[in-house]
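J.: From just these sequences and the hints, can you work out the full model?
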Amino acid sequence: MKVVLRNPRREVEVAGNRRVKDVLRELAILPETVLVIRGDDLVTADQVVADTDVIELRPVMSGGRA
Amino acid sequence: MKVVLRNPRREVEVAGNRRVKDVLRELAILPETVLVIRGDDLVTADQVVADTDVIELRPVMSGGRA
Amino acid sequence: MKCRKCGGAAALELRRHNAAFCAPDFIEFFRNQVREAIRRHRMLTRDEPVLVAVSGGKDSLALWDVLAEDGYRTTGLYLDLGIFDYSVESRAKCEAFAAARGLPLVVRRVADEVGAPVPVIKQVTRRPPCSGCGLSKRYLMNRAALEEGIPVVATGHNLDDEAATLFGSVLHWQTESLARQSPALASSHPKLVRKVKPLYRLSERETAAYAFLRRIDYIVEECPFAVGATSIAHKEALNRLEDASPGAKHNFLFGFLDKARPAFERAEEVDLRECARCGQVTTGTLCAFCKLADQVKRAG
Amino acid sequence: MKCRKCGGAAALELRRHNAAFCAPDFIEFFRNQVREAIRRHRMLTRDEPVLVAVSGGKDSLALWDVLAEDGYRTTGLYLDLGIFDYSVESRAKCEAFAAARGLPLVVRRVADEVGAPVPVIKQVTRRPPCSGCGLSKRYLMNRAALEEGIPVVATGHNLDDEAATLFGSVLHWQTESLARQSPALASSHPKLVRKVKPLYRLSERETAAYAFLRRIDYIVEECPFAVGATSIAHKEALNRLEDASPGAKHNFLFGFLDKARPAFERAEEVDLRECARCGQVTTGTLCAFCKLADQVKRAG
Numbered sequence: 001m002k003v004v005l006r007n008p009r010r011e012v013e014v015a016g017n018r019r020v021k022d023v024l025r026e027l028a029i030l031p032e033t034v035l036v037i038r039g040d041d042l043v044t045a046d047q048v049v050a051d052t053d054v055i056e057l058r059p060v061m062s063g064g065r066a
Numbered sequence: 001m002k003v004v005l006r007n008p009r010r011e012v013e014v015a016g017n018r019r020v021k022d023v024l025r026e027l028a029i030l031p032e033t034v035l036v037i038r039g040d041d042l043v044t045a046d047q048v049v050a051d052t053d054v055i056e057l058r059p060v061m062s063g064g065r066a
Numbered sequence: 001m002k003c004r005k006c007g008g009a010a011a012l013e014l015r016r017h018n019a020a021f022c023a024p025d026f027i028e029f030f031r032n033q034v035r036e037a038i039r040r041h042r043m044l045t046r047d048e049p050v051l052v053a054v055s056g057g058k059d060s061l062a063l064w065d066v067l068a069e070d071g072y073r074t075t076g077l078y079l080d081l082g083i084f085d086y087s088v089e090s091r092a093k094c095e096a097f098a099a100a101r102g103l104p105l106v107v108r109r110v111a112d113e114v115g116a117p118v119p120v121i122k123q124v125t126r127r128p129p130c131s132g133c134g135l136s137k138r139y140l141m142n143r144a145a146l147e148e149g150i151p152v153v154a155t156g157h158n159l160d161d162e163a164a165t166l167f168g169s170v171l172h173w174q175t176e177s178l179a180r181q182s183p184a185l186a187s188s189h190p191k192l193v194r195k196v197k198p199l200y201r202l203s204e205r206e207t208a209a210y211a212f213l214r215r216i217d218y219i220v221e222e223c224p225f226a227v228g229a230t231s232i233a234h235k236e237a238l239n240r241l242e243d244a245s246p247g248a249k250h251n252f253l254f255g256f257l258d259k260a261r262p263a264f265e266r267a268e269e270v271d272l273r274e275c276a277r278c279g280q281v282t283t284g285t286l287c288a289f290c291k292l293a294d295q296v297k298r299a300g
Numbered sequence: 001m002k003c004r005k006c007g008g009a010a011a012l013e014l015r016r017h018n019a020a021f022c023a024p025d026f027i028e029f030f031r032n033q034v035r036e037a038i039r040r041h042r043m044l045t046r047d048e049p050v051l052v053a054v055s056g057g058k059d060s061l062a063l064w065d066v067l068a069e070d071g072y073r074t075t076g077l078y079l080d081l082g083i084f085d086y087s088v089e090s091r092a093k094c095e096a097f098a099a100a101r102g103l104p105l106v107v108r109r110v111a112d113e114v115g116a117p118v119p120v121i122k123q124v125t126r127r128p129p130c131s132g133c134g135l136s137k138r139y140l141m142n143r144a145a146l147e148e149g150i151p152v153v154a155t156g157h158n159l160d161d162e163a164a165t166l167f168g169s170v171l172h173w174q175t176e177s178l179a180r181q182s183p184a185l186a187s188s189h190p191k192l193v194r195k196v197k198p199l200y201r202l203s204e205r206e207t208a209a210y211a212f213l214r215r216i217d218y219i220v221e222e223c224p225f226a227v228g229a230t231s232i233a234h235k236e237a238l239n240r241l242e243d244a245s246p247g248a249k250h251n252f253l254f255g256f257l258d259k260a261r262p263a264f265e266r267a268e269e270v271d272l273r274e275c276a277r278c279g280q281v282t283t284g285t286l287c288a289f290c291k292l293a294d295q296v297k298r299a300g
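Chains as they are written, first to last, in the numbering used here: chain A, 1 to 66; chain B, 1 to 66; chain C, 1 to 300; chain D, 1 to 300.
Since the hints were derived computationally from the structure, they do not count as laboratory data.
Check the hints yourself; a few may be wrong.
Some residues of chain D that are not near chain C, with every Cβ distance over 12 Å (derived) [to be verified]:
{"#": "1", "residue": "Pro49"}
{"#": "2", "residue": "Phe84"}
{"#": "3", "residue": "Ser187"}
Below, in silico cross-link-like pairs of lysine-lysine (DSSO-like), each with a Cα-Cα straight-line distance of 27 Å or less [unchecked claim]:
{"#": "4", "chain 1": "B", "residue 1": "Lys21", "chain 2": "B", "residue 2": "Lys2"}
{"#": "5", "chain 1": "C", "residue 1": "Lys2", "chain 2": "A", "residue 2": "Lys21"}
{"#": "6", "chain 1": "D", "residue 1": "Lys122", "chain 2": "D", "residue 2": "Lys291"}
{"#": "7", "chain 1": "B", "residue 1": "Lys21", "chain 2": "D", "residue 2": "Lys5"}
{"#": "8", "chain 1": "D", "residue 1": "Lys122", "chain 2": "D", "residue 2": "Lys93"}
{"#": "9", "chain 1": "D", "residue 1": "Lys122", "chain 2": "D", "residue 2": "Lys297"}
{"#": "10", "chain 1": "C", "residue 1": "Lys122", "chain 2": "C", "residue 2": "Lys291"}
{"#": "11", "chain 1": "C", "residue 1": "Lys191", "chain 2": "C", "residue 2": "Lys291"}
{"#": "12", "chain 1": "A", "residue 1": "Lys21", "chain 2": "C", "residue 2": "Lys5"}
{"#": "13", "chain 1": "D", "residue 1": "Lys191", "chain 2": "D", "residue 2": "Lys297"}
{"#": "14", "chain 1": "D", "residue 1": "Lys191", "chain 2": "D", "residue 2": "Lys291"}
{"#": "15", "chain 1": "D", "residue 1": "Lys259", "chain 2": "C", "residue 2": "Lys259"}
{"#": "16", "chain 1": "C", "residue 1": "Lys93", "chain 2": "C", "residue 2": "Lys122"}
{"#": "17", "chain 1": "C", "residue 1": "Lys297", "chain 2": "C", "residue 2": "Lys122"}
{"#": "18", "chain 1": "B", "residue 1": "Lys21", "chain 2": "D", "residue 2": "Lys2"}
Using N, Cα and C, we set each Cβ at its ideal position, and we do this for glycine too.
T.: Have a look at this one:
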């Protein structure tokens with residue numbers, strides 16, 4: 001399956017047919033730090049993503065000090 | 001070169017003829033968290049270790065709450 | 001995972017609340033948290049206008065969305081920092097947001113006010129870019145509110161922002177910052193407007209989810225100067241603690257507000273006067289903003 | 001890298017001091033830091049005996065070594081926690097250290113005092129093992145000192161221990177812990193001896209280096225119950241901050257002691273009385289130690 005990462009935008013291929021949390025663990029991303037987006041929807045960490053899915057892991061951190 | 005790690009005690013082989021700090025970086029060990037021991041001496045991070053050296057990376061953290 | 005409210009399929013899990021929500025119920029949860037913040041700290045009333053400082057990012061646009069939807073009399077304020085493409089794009093997001101909803105937006109350019117945009121200020125001052133930028137933003141927000149006759153500025157600071165600021169203050173025990181840190185700062189001088197942070201109860205993952213689910217077109221890219229900022233290292237440290245112990249950030253910030261902040265509030269008020277140059281409030285003769293503008297002028 | 005003192009080859013770099021030392025000059029630096037701690041907080045005098053709580057680890061044996069070398073009248077206290085091989089080995093290290101230097105060592109077994117060793121206490125209380133263990137140690141240290149007629153207990157807490165404890169207290173804003181945390185606690189009751197931490201200015205890497213360079217045979221293995229302890233997660237967080245910004249731990253602890261601790265010291269003293277069972281000091285009727293012993297007895 002295809003995973004879209006941001007800042008900078010890039011794509012990686014990982015195995016699908018498993019839970020989102022397993023994908024996050026493989027990519028060493030803490031669940032608290034991203035939105036998991038599939039199409040127009042948010043996906044929770046316990047949901048299984050298909051090998052044909054495309055998901056975006058969008059970082060939620062805003063930086064610098066206001 | 002041989003690197004002895006502790007807690008639990010184990011040994012790994014890494015490339016020598018480079019600075020201690022490069023060995024620590026390869027092993028993802030923060031310099032503040034270990035003593036670097038060669039024989040009876042302490043070794044600083046800028047020193048070069050030979051391929052034939054044996055060094056011990058001894059953790060300095062004491063745990064639990066007293 | 002099921003929505004705590006309706007039992008339908010959940011869109012978002014909130015570990016620190018030990019809960020999950022579907023999209024509509026999450027949006028309602030989010031707005032209730034903002035309402036609770038406003039109520040608890042008497043931040044806003046519907047009788048008076050509020051200036052919402054917007055950057056084009058998820059937090060400030062989510063805030064503007066909630067306040068406008070809840071019937072507050074909002075005006076947006078966009079401060080154009082002049083940071084290359086980042087500022088061009090973020091301004092366009094704010095303008096599109098305002099236009100689509102028919103909301104008023106005030107734009108001020110830092111370059112017009114200070115004499116140079118943030119990248120030049122950064123070079124001139126040789127300080128971290130967030131330093132001169134933050135100083136300019138705080139000054140210009142307050143002055144814009146006074147000029148527009150608006151008694152309160154709302155900013156999009158979220159739980160993570162506040163926890164990271166607190167973390168930085170605590171690591172150095174900056175007692176003045178600790179005394180000042182609050183979700184709501186009252187006006188302590190006729191030329192200082194009130195400042196409120198209605199998102200302080202919501203994590204940045206929650207504000208991002210709200211913005212996404214509300215289809216708000218915000219700028220996902222980060223300010224190019226934020227890379228390596230200390231506050232980001234502090235957010236990362238807090239995120240690791242949060243991962244090991246959900247609620248850690250919340251407990252850290254709320255515990256401070258409840259139990260420790262009173263210990264730091266100083267008995268004595270600082271002596272506030274007006275800047276000899278611009279007339280805005282300062283503790284010295286010349287305010288920090290005018291000193292910065294002077295420094296930029298000398299270098300120019 | 002060269003020794004800051006003599007210009008010879010360095011054995012250890014101290015990034016937070018922006019310095020490096022050869023072995024003999026590091027040992028002198030280390031001892032001077034202990035002397036400075038003792039002087040600044042009036043911890044000890046050479047006229048009175050001091051009970052040094054030793055665990056067999058690097059910190060407490062390094063402390064004992066420095067104090068004995070500097071002419072203090074030291075007695076070691078080893079509390080046998082009954083934690084399998086770990087306790088057997090650590091006791092042997094303490095006994096060998098004492099024997100080689102001809103220093104007196106008092107040994108107390110937790111199992112004799114509480115009615116069961118730490119592993120059983122852990123099962124009975126269903127609390128984290130460090131909790132019942134710490135409680136027992138604090139109680140038994142104080143009682144042993146009283147029984148031996150020694151007015152002060154010195155422990156091997158180092159800068160990292162103190163910073164990690166502070167970090168934990170701050171994350172939850174435990175204001176009572178914050179008020180109590182200090183390198184030196186005066187006696188507030190005739191049955192409470194003074195408690196001092198002469199290593200609080202030295203990092204655990206520095207105490208480990210001192211122990212190694214002085215050829216002290218200490219136990220490198222960790223207590224098996226310490227794995228996963230919260231204090232270790234906090235030490236790791238602090239070590240990452242230290243790596244990014246050398247001196248971070250020092251500034252965190254020392255800034256607290258200088259600037260923030262006074263804000264937490266409570267105006268009111270707590271009401272101290274004597275335990276109805278054992279006569280030791282408590283704020284309730286029965287002290288926490290006697291309650292723990294009761295709990296162990298009921299389960300036995």
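J.: Now tell me if each hint is right for this structure.
T.: Here is what the structure says about each hint:
1. Pro49: holds, 36 Å
2. Phe84: holds, 27 Å
3. Ser187: holds, 26 Å
4. B:Lys21 to B:Lys2: Since the Cα atoms of Lys21 (chain B) and Lys2 (chain B) sit roughly 15 Å apart, the hinted pair holds (cutoff 27 Å).
5. C:Lys2 to A:Lys21: Distance of about 16 Å is within 27 Å: holds.
6. D:Lys122 to D:Lys291: holds, 14 Å
7. B:Lys21 to D:Lys5: Judged against 27 Å, a Cα distance of about 23 Å means the pair holds.
8. D:Lys122 to D:Lys93: holds, 25 Å
9. D:Lys122 to D:Lys297: Holds, because 13 Å separates the two Cα atoms, which is no more than 27 Å.
10. C:Lys122 to C:Lys291: holds, 14 Å
11. C:Lys191 to C:Lys291: holds, 19 Å
12. A:Lys21 to C:Lys5: Since the Cα atoms of Lys21 (chain A) and Lys5 (chain C) sit roughly 23 Å apart, the hinted pair holds (cutoff 27 Å).
13. D:Lys191 to D:Lys297: holds, 26 Å
14. D:Lys191 to D:Lys291: The hint holds at about 19 Å.
15. D:Lys259 to C:Lys259: holds, 17 Å
16. C:Lys93 to C:Lys122: holds, 25 Å
17. C:Lys297 to C:Lys122: Judged against 27 Å, a Cα distance of about 13 Å means the pair holds.
18. B:Lys21 to D:Lys2: OK: Lys21 (chain B) and Lys2 (chain D) at ~16 Å, within 27 Å.
When each numbered hint is compared with the structure, no violation occurs for any of them.
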